[in-house]
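Peer 1: Here is what each chain is made of, one letter per residue.
Protein chains: 2
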Amino acid sequence: MISYFWLAPAGSVLALLVAYFFYKGMMRQSEGTPRMASIALAVRKGAMAYLRQQYKVVTVVFLFLTLVFSLLAYVLEVQNPWVPFAFITGGFFSGLSGYFGMRTATFASARTAEAARRSLDKGLRLAFRSGAVMGLVVVGLALLDISVWFLILNHFYPASAGPQSLIIITTTTLTFGMGASTQALFARVGGGIFTKAADVGADLVGKVEAGIPEDDPRNPATIADNVGDNVGDVAGMGADLYESYCGAVLATAALGATAFATTGFQMNAVIAPMVIAGLGTVLSVIGMFLVRTSEGADQKALLGSLWRGINSSSILIVILSAVMLHLLEIPNAWGIWGSVVTGLVTGIIIGKATEYYTSHAYQPTRKIAAQAQTGPATVIISGIGTGMISTAIPVAAVSAGTILSFLFASGFDFSNLSMGLYGIGIAAVGMLSTLGITLATDAYGPIADNAGGNAQMSGLDPEVRQRTDALDALGNTTAATGKGFAIGSAALTALALLASYIEEVRIHLDKIVSHIPSVLGGSISVSHASLRDLLNYFDITLMNPLVLVGAFIGSVMAFVFCGLSMQAVGRAAGRMVEEVRRQFKADPGIMAGTSEPDYARCVAISTKGAQHEMVLPSSLAILVPVGTGLLFGVGGVMGLLLGGTATGFVLAIFLANSGGAWDNAKKYIEEGSFGGKGSDAHKAAIIGDTVGDPFKDTSGPSLNILIKLMSMVSIVVSGVTVAFHLL
Amino acid sequence: MISYFWLAPAGSVLALLVAYFFYKGMMRQSEGTPRMASIALAVRKGAMAYLRQQYKVVTVVFLFLTLVFSLLAYVLEVQNPWVPFAFITGGFFSGLSGYFGMRTATFASARTAEAARRSLDKGLRLAFRSGAVMGLVVVGLALLDISVWFLILNHFYPASAGPQSLIIITTTTLTFGMGASTQALFARVGGGIFTKAADVGADLVGKVEAGIPEDDPRNPATIADNVGDNVGDVAGMGADLYESYCGAVLATAALGATAFATTGFQMNAVIAPMVIAGLGTVLSVIGMFLVRTSEGADQKALLGSLWRGINSSSILIVILSAVMLHLLEIPNAWGIWGSVVTGLVTGIIIGKATEYYTSHAYQPTRKIAAQAQTGPATVIISGIGTGMISTAIPVAAVSAGTILSFLFASGFDFSNLSMGLYGIGIAAVGMLSTLGITLATDAYGPIADNAGGNAQMSGLDPEVRQRTDALDALGNTTAATGKGFAIGSAALTALALLASYIEEVRIHLDKIVSHIPSVLGGSISVSHASLRDLLNYFDITLMNPLVLVGAFIGSVMAFVFCGLSMQAVGRAAGRMVEEVRRQFKADPGIMAGTSEPDYARCVAISTKGAQHEMVLPSSLAILVPVGTGLLFGVGGVMGLLLGGTATGFVLAIFLANSGGAWDNAKKYIEEGSFGGKGSDAHKAAIIGDTVGDPFKDTSGPSLNILIKLMSMVSIVVSGVTVAFHLL
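Line by line, the protein sequences are chains B and C.
Last residue of the first sequence: number 812 in the working numbering, and the count goes up by one each step with no gaps.
Last residue of the second sequence: number 812 in the working numbering, and the count goes up by one each step with no gaps.
One thing to keep in mind: the hints can contain errors.
No more than 20 Å apart at the CA atoms, straight line, and that leaves these computed lysine-lysine pairs for PhoX-like [to be verified]:
| id | chain 1 | residue 1 | chain 2 | residue 2 |
| --- | --- | --- | --- | --- |
| 1 | C | K693 | C | K130 |
| 2 | C | K768 | B | K768 |
| 3 | C | K292 | C | K768 |
| 4 | C | K292 | B | K768 |
| 5 | B | K292 | B | K693 |
| 6 | C | K768 | B | K292 |
| 7 | C | K762 | C | K292 |
It is worth saying that the hints were derived from the structure and are not from the lab.
Using the sequences and the hints, build the whole thing.
Peer 2: The following block contains the structure:
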């Protein structure tokens with residue numbers, strides 16, 4: 086059975102090789118004029134400087150947490166000895182994914198601009214392949230980490246020793262999911278603050294006060310703005326999706342280990358998510374090679390070509406996962422396959438809904454644009470209203486997906502809890518299985534955006550900017566799908582982690598009491614207790630006040646976290662505004678275009694601001710679950726995770742969609758509606774867009790990580806919670 | 086024992102008599118100049134016209150729902166025969182509370198302005214006593230309805246027939262809570278849309294485009310704006326708090342009936358919340374008579390006088406409720422008293438936190454004002470950030486309050502679920518016991534505001550406006566306390582209703598199955614099953630996918646409801662803007678001040694807009710719980726209520742505090758900071774204030790009702806849920 090497992094490392098190696106091949110291909114292209122190369126160099130230097138700084142802070146956090154985990158593992162002995170190491174590798178690889186993705190993006194921007202000078206098609210191919218590097222590195226490194234740890238632990242805890250072995254293996258590997266999430270949260274929050282401080286700062290003084298266009302080289306914050314796109318949208322997104330991907334696979338494996346513990350098919354169920362992920366990676370590579378167009382293709386043909394790649398991968402995974410699940414001889418293989426397909430369909434529905442609510446091809450965004458005619462206040466009210474309403478379809482889709490994937494996997498039996506929960510997990514894996522290619526289409530957006538910035542600052546022909554804008558716009562539709570998958574999988578993974586939490590609690594409970602009352606009467610040993618027995622023992626019902634209070638804390642945590650990150654953007658942007666104003670005032674030659682502004686200083690301000698501001702919200706994400714566990718025990722933590730997931734999920738969609746809709750409402754006006762560029766409506770729409778910046782690029786995406794990190798932290802410290810809780 | 090019950094109707098009669106006395110006293114005062122009287126008349130006519138229109142729509146809804154309930158009660162027989170009647174009276178009295186409050190307010194505005202012409206002190210006394218009419222009418226009518234129904238049902242289901250009688254009585258009276266909530270939701274949403282459409286519309290064209298001050302008689306929307314303050318802030322608030330007050334008392338009585346069913350003290354526990362409410366009403370009246378100042382008192386003395394009234398009532402209720410609980414011979418009287426005090430303290434903490442985050446005497450609001458210097462975008466971002474962060478303290482307070490009140494009442498025993506939940510309910514009753522006086526200080530704000538509008542439009546001396554502004558500002562601090570009580574009690578009541586839901590489910594389950602498995606082993610009859618048995622039977626654990634999905638739906642419901650009401654304000658305000666622009670264009674004499682604008686048309690537009698727009702969000706509040714029950718059964722509904730409460734509660738605080746902070750940030754600038762009136766910072770702050778209008782006056786306050794209405798609806802249709810659910 087284990088032989089199929091090798092599909093996971095094989096997929097990893099293939100992904101990393103193809104990524105290397107794409108990277109080398111991109112590097113062979115010309116960077117264009119010396120001016121283009123020098124701007125790209127400045128952006129690259131700034132981005133690398135930022136990343137180095139961020140990794141320093143994160144390293145300190147990791148050292149501290151590793152120390153804590155070592156204490157838990159070796160002194161208090163409430164955690165197994167592999168945990169500190171697994172934690173570190175998760176963080177390391179997550180960081181590495183972001184680093185490689187960003188490095189590629191910063192080398193690709195000038196090259197994409199240069200390619201776009203020749204043709205739209207050449208620009209597309211270069212940008213897409215550069216985006217593909219990120220997609221492949223993320224899935225490649227994730228599968229590598231998963232495979233290596235699985236093999237190592239399998240050596241020390243051989244499956245032949247009984248079903249307990251795989252449970253230990255899978256819960257240990259979950260710890261590296263926590264490492265990945267911790268790193269990802271810092272990357273998303275820090276990167277998000279950097280990019281939006283630079284963006285908001287640059288826009289406020291540049292566009293609004295000085296009246297110069299976006300990416301104008303006279304604006305001192307413009308390099309920082311472009312650096313921000315790389316550290317936030319590329320490095321942040323890479324770490325984020327690495328975390329999502331690992332989280333989904335690891336949570337499902339852990340659920341498989343317990344759900345199938347006594348069936349004789351435990352190993353099959355554990356490796357199934359890994360095998361499906363490996364298979365999806367191979368199919369993503371195939372899909373990528375289908376993204377090609379003939380010379381001189383129009384925009385429609387280009388979009389068709391992107392869709393061909395994504396759709397082919399998706400259709401193939403639907404077919405081949407059915408085959409693979411049968412080869413794996415998993416009980417109820419068709420049912421499990423139904424869960425996989427449910428996951429994929431859920432992701433697609435969320436993606437379509439996202440597109441509908443945020444693209445200016447549809448009514449909602451156009452109506453927001455129309456409200457710009459009565460000023461900024463109505464734009465904001467209408468954008469917030471639309472964003473809130475837009476949460477309905479994604480939540481309905483995830484709700485339906487949750488129930489259907491549960492029912493399929495459990496054989497339509499609600500009492501078959503463990504199997505049903507495994508189904509929810511594998512639905513998330515299905516959704517993310519083709520992450521390689523969906524992430525490629527997502528990551529290519531910021532590359533095209535940066536290429537546009539480079540073209541503008543280098544003073545290239547406006548036609549080049551138009552082409553990079555077209556590339557960027559092209560990616561928006563496909564990116565919506567990618568975002569749908571990320572959001573949907575986060576919710577499903579969080580639910581799966583809720584179940585993993587209870588399983589981890591079981592392991593620690595076993596050390597304290599040997600038997601608990603069974604819901605079927607009499608008593609039962611902890612290791613043989615059903616999930617229902619455990620829930621009953623800890624009184625995890627909706628009437629337990631600790632559960633209720635936990636849910637309140639989870640809800641408020643989502644809001645406070647967003648509030649802190651939003652305030653952080655406001656403060657950091659304020660400092661940027663002051664610096665830009667200072668430079669304009671100190672040297673009038675900047676506005677005249679005769680002297681060059683001090684770009685590096687603005688980069689340094691954003692870097693410092695981000696490092697400073699990211700610590701509090703990120704630390705809360707770790708401290709609150711620990712504190713809740715110590716105060717309110719297992720029930721409180723379960724409530725926290727449910728409240729955090731329910732509120733965080735909805736809040737994340739609201740913020741992302743409001744922000745996206747404002748952005749596109751502004752673009753709709755810029756394309757000539759309601760007075761076009763420079764009109765009062767346009768000014769109002771710019772204010773909407775600026776408000777939306779931290780919504781969609783700082784607070785919103787961080788929430789997806791937050792809800793999973795809180796689950797991961799709870800799982801890792803569950804030993805402490807079980808042993809030492811107050812109430 | 087029942088003899089103490091008479092304190093409730095006695096409190097009711099006293100409250101209504103004193104209200105009549107205050108009303109007559111107010112009516113004896115002069116309305117001032119003919120111009121003042123005519124403006125007051127126009128506002129009054131508009132307000133009454135609106136209310137008539139709104140009651141028409143609500144009547145249709147009530148007829149329909151009564152028909153449905155009659156069907157449930159008489160045809161399907163899944164509800165008891167009193168339900169349709171109880172439902173109607175709840176709606177009727179809730180509407181009546183709003184009507185009397187508003188009638189008083191519209192008669193009081195010109196009189197307050199006239200009194201303020203003479204002295205600040207005279208203005209305070211008149212405005213406060215007019216606000217007191219509303220406070221007293223609300224508690225008076227609520228206690229009346231509660232007492233009458235209790236007496237009637239007690240006649241038909243005498244307590245001597247066994248503990249089942251009081252359970253039937255209390256669950257039936259909960260239905261009138263649903264009537265009150267339904268009416269209140271329409272009043273809050275409709276009134277909220279009216280007032281903010283008029284306010285936003287008037288501000289956008291008046292202040293921003295035409296550059297005329299607030300309440301300028303040349304603005305055609307100015308009368309509509311003043312009408313809005315009455316229909317939204319007065320009539321809406323009256324119906325809202327009537328609903329909160331009834332909800333808390335009735336939910337606690339219902340919990341008492343089941344928690345104490347077998348103790349021999351059932352009746353004592355059921356009447357305890359009513360008696361405490363009656364006692365609090367008497368103490369509120371005493372407190373009101375303590376609000377008096379010497380002639381020529383300064384602002385500080387006035388504020389001290391308001392606090393003296395509130396504090397005296399609060400301290401007296403702390404002392405006398407201990408006495409009363411002992412007189413009632415309730416088991417664990419000191420514990421229950423601890424819950425009452427916990428509730429009061431929780432309310433005070435929330436009030437203080439609200440004040441800290443929204444008053445410009447403190448840093449958070451001043452920082453928002455400072456952000457106005459970099460434009461509207463940073464004001465908005467910072468206001469949203471502050472609002473989100475401001476949710477932490479209230480939620481922490483409610484969480485602590487929930488656990489403490491549970492522990493006190495249950496004798497520090499988590500397994501004593503029923504008693505503990507009764508404690509949570511009685512904490513809410515404690516918080517609202519002095520509603521008479523806290524509501525008076527809350528309702529007096531809009532009266533002072535309207536008096537200011539009247540003074541402005543009548544062209545009175547600017548000093549009068551300054552005095553009414555001072556009165557308004559004075560009320561803001563005390564109003565924060567009132568709002569804290571309203572928000573905190575909503576959360577606690579919602580948790581209590583969650584428990585009432587399960588008890589109502591028990592009644593219907595009893596008709597379908599006779600025995601269910603007991604968690605202690607063996608089987609047990611439904612009527613003797615413990616709460617834990619019922620929760621176990623319906624699998625109300627956090628791992629049940631139906632519960633999880635229910636929580637998602639609850640969360641999203643809060644957001645979608647807010648989104649819809651916000652969009653409604655946007656649309657209705659847009660129509661108002663068009664009308665005002667049309668009038669300015671059609672008759673240049675309006676701006677010149679030579680011809681009078683068509684005020685009535687603007688009132689009609691807001692009325693029509695509000696009636697039109699309030700139907701969808703309000704209907705959702707009724708349809709979603711019914712649909713969730715039919716699809717996902719009892720588990721789904723419990724999840725829905727928990728998700729809705731957790732998310733709705735936090736969202737409501739965020740919206741209210743962001744809105745309040747923007748409002749006061751603007752006032753802070755108007756008082757001379759950051760450039761003062763007319764500066765760019767001021768313009769940016771006005772935009773923030775406008776965005777905050779629907780936050781704090783439409784969507785935010787409606788959420789408090791929404792979460793309780795969803796619970797009430799679920800309770801009333803639980804028979805249908807138990808009998809006919811899909812999953």
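Peer 1: Evaluate each hint against the coordinates.
Peer 2: For each hint, the structure was consulted:
no. : hint              : result
1   : K693(C) - K130(C) : 15 Å, holds
2   : K768(C) - K768(B) : 14 Å, holds
3   : K292(C) - K768(C) : 10 Å, holds
4   : K292(C) - K768(B) : 18 Å, holds
5   : K292(B) - K693(B) : 24 Å, violated
6   : K768(C) - K292(B) : 19 Å, holds
7   : K762(C) - K292(C) : 12 Å, holds
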